[in-house]
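Q: One line per chain: the protein sequences are A and B, in this order. Terminal number for the first sequence in numbering that gives the first Met the number 0: 223, no gaps in between. Terminal number for the second sequence in numbering that gives the first Met the number 0: 468, no gaps in between.
Bear in mind the hints are in silico, worked out from the structure with no lab data behind them. It cannot be assumed that every hint is accurate.
Cβ-to-Cβ under 10 Å is the rule here; a few derived chain B residues that face chain A [said to hold, decoys possible]:
# : residue
1 : D42
2 : R43
3 : V291
4 : P334
5 : A337
6 : F343
Result set (PhoX-like, lysine-lysine): computed pairs, CA atoms no more than 25 Å apart in a straight line [stated by the list, open to error]:
#  : chain 1 : residue 1 : chain 2 : residue 2
7  : B       : K372      : A       : K100
8  : A       : K138      : A       : K201
9  : B       : K50       : B       : K111
10 : B       : K50       : A       : K100
11 : A       : K221      : B       : K249
12 : A       : K221      : A       : K201
13 : B       : K249      : B       : K208
Please read these numbers as outputs of a predicted model, since none were measured by experiment. Beta carbons are placed, not taken as given, at the ideal position from N, Cα and C, and that holds for glycine.
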Amino acid sequence: MKILLVEDDPTMRSTLERALSRRGMQVDSCGDGARAIAAWRESEPDVVVLDLSLPGVDGLEVLQQARRGGAGTPVLILTARGTVGDRVIGLNSGADDYLPKPFDLDELVARLQALGRRAEARGDKPGDPLRVGGLRVEKDSGAAYFRDQVLELTPREAALLQALMGRPGHAVAKEKLFELVFPDEADVQYEAIEVVVYRLRKKLAHTGVSLMTLRGLGYLIKDA
Amino acid sequence: MKRAVSLQRYLLLGILLPVIGLIVINTVSLYAQALAAVNTAYDRTLLASAKVIGEQLDVEGYDDESELRATVPYSALEAFEADNRSRLFYRVSSLGGEMVSGFAELPFWRGKLPQRPPYAALVDFYNDRFRDEEVRVAVLLQPVASLNGRGMAVVQVAETLHLRRTLARQILIDTIWRQALLVAVIALVAVLVVQRGMRPVRRLSGQLKARTEGDLTPIAAPDAPRELLPLVDATNQVMTRLALLLDNQKRFVRDTAHQLRTPLAVLKTQVQSALHGDVEPRQALLEINDTVERATVLANQMLSLAKVEQLRQQPDAPVHDLAEIVRSVALELSPLIADADLDFEIATRTAPVRSHEWMLSELTRNLLHNAIKHTPAGGALSIRMLTDANSVALTFADSGPGIADGLRARLFQPFSPGDARSGSGLGLAICHEIVRALGGIISLENRAARGRILGLDATVRLPLADNEG
């Protein structure tokens, strides 16, 4: 994946450059807005990492100019936290994601990969399967495997599992799950979701992956 | 921009304009009165001279056939001339206007006799022209009788107006001088009094201007007039509040610097120790990472505190459903709940609260974060919401060790030592500030049964937004 890194602090820039390169990304970097615009045009990056406070042309302007120029490259904005409305400004101006400084390096890498995948998906490439522990779910078919053994799941259980595996360790609200598991059924009782959870939990019992209930809120899946 | 009203100008104009107006009216009426008095006096002299002429008339024949004769020596009139510039002229005529004696150029009187109570005789006074000069004329209808006749004579005596005019002008000038002097004296007194009256105000503003930048001590104004005391009091109250605020900020900055130095000191020690090879590099870096994490949390929390203050000053907060915000924060923090395998439960109900969304989610995030941190792995943690007509109570009930009674009040202060267990010591201070900004209350109560502490209930009570909102 080709990254354009626009960041004015030299220490931050060289550290990020090294870290991202080590993770197999190809990194071009620059420290001011004017050069960023030129580099963006020339190197055709897959994802742009953009610091907002730049000398000369500031980050938001770089972004707006690039978008006016028709560049559809996914952009992740980095900036100092604490100013009201930063987030809104960032996303309204055509950015795809936003990470306040200071951030976790792993978080940055994960977000960059997600943006890169999103760009790929637009090119009709099949997505990677979802994985938690020994569990794997194919995105297109919804087929679930535990160490290459197919798990026999009803369509509702499969829908539930896929929804939860989208963000492992993160709870999904039960209202949202209900919509995903019972998409077109109006007269199903709200509690029906609990039955599906109960059955899925039993089927996952031997996998080491557990399905946790946050009562009144939702469910999550995690590698125990 | 509107120009500031000058009290001094207002007072001066307020006093002087009416006074000057009154004096102008007074002058005009004084002059009119003087003029009337002068006219009356001179008219009387004119009448007297007419009477002298009238007495020297002779007549022959009766009534319509009467023939008047006059022998008026000029000396008879000379006695009535006031000075040598003022001349007297006369004319004696019959009732029909036939000239008998005197100056023919003096036009005959063709008026009507007015009712003049002051004069018993048949008399009138009027202005006319004689030899291109304005004259005042007295006319007297004098019955004349003799041994062989009886008739009516019209005696006119005219006097040039020169003397009257001179006198009137003199009176006018005298009056104006006197009134002008009066105005000048009043203006001087008014200016002096107003200036003197304003002196405490000027002195007070001088005192305030001369202050050094950080001087917030109360103003001492022992000689300020009673009218200024409310202003002095109000200013002193503002000063006191500012001083308190400034003290708080100074303490906050001092504490912050101290708090930020601590992780830096730890970091330095960790780095030097690692450089010496005391620990494995990986172990050292993990420890350093923890320290940096602590400093980051602290910096973020300080920004949050500043943001509460900033949002508090923004009017017109929208209405948000607290339940929705609490649920989304719980979803956001669900990985922490999952990591600790907590026995989690949440029960919410719709509660419209007027607030910036950030305040409510920051409040919830801090309290839930604390509750998760203090609940032992596998322990119970519940979020409850109760509403009544006017308020909503949001409770985070953990199953942690609770808090010591002595600490409870101090926990909401920034960097209170008791909160050290929860990290930087700003989380509860942020909550306290947010709740205060929203007009609510926050309390921490240990939940106990049979003398054993089961956990801590952190409860926030906030006013509900009005229904029309």
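Q: Hint check: is the beta carbon of B/V291 less than 10 Å from a beta carbon of chain A?
A: 8 Å, holds
Q: Could you grab the alpha-carbon distance between B/K372 and A/K100 and see if it respects the 25 Å cut-off?
A: 24 Å, holds
Q: Hey, does the B/P334 contact hint survive, CB to chain A under 10 Å?
A: 5 Å, holds
Q: Hey, A/K221 versus B/K249, does the alpha-carbon distance stay inside 25 Å?
A: 47 Å, violated
Q: Can the restraint linking B/K50 and A/K100 be considered satisfied, given a maximum Cα separation of 25 Å?
A: Answer violated: B/K50 to A/K100 is near 120 Å, above 25 Å.
Q: Checking hints one by one. Is B/F343 an interface residue toward chain A, by the C-beta closer than 10 Å rule?
A: Since chain A brings a Cβ to about 4 Å from B/F343, closer than 10 Å, the hint holds.
Q: Using 10 Å as the Cβ threshold, decide whether B/D42 counts as touching chain A.
A: 93 Å, violated
Q: Against the 25 Å threshold, does the CA-CA distance of A/K138 and A/K201 hold or violate the hint?
A: The hint holds at about 22 Å.
Q: Given the hinted pair A/K221 and A/K201, is their Cα-Cα distance within 25 Å?
A: The given pair, whose Cα atoms are some 15 Å apart, holds under the 25 Å limit.
Q: Could you check if B/A337 really has its C-beta closer than 10 Å to a C-beta on chain A?
A: 5 Å, holds
Q: Does the structure keep B/K249 and B/K208 at a Cα separation of 25 Å or less?
A: The hint holds at about 24 Å.
Q: Are the Cα atoms of B/K50 and B/K111 separated by 25 Å or less?
A: Holds: B/K50 and B/K111 sit about 19 Å apart, inside 25 Å.
Hints 1, 2, 10, 11, counting from the list given before, are not met by this structure.
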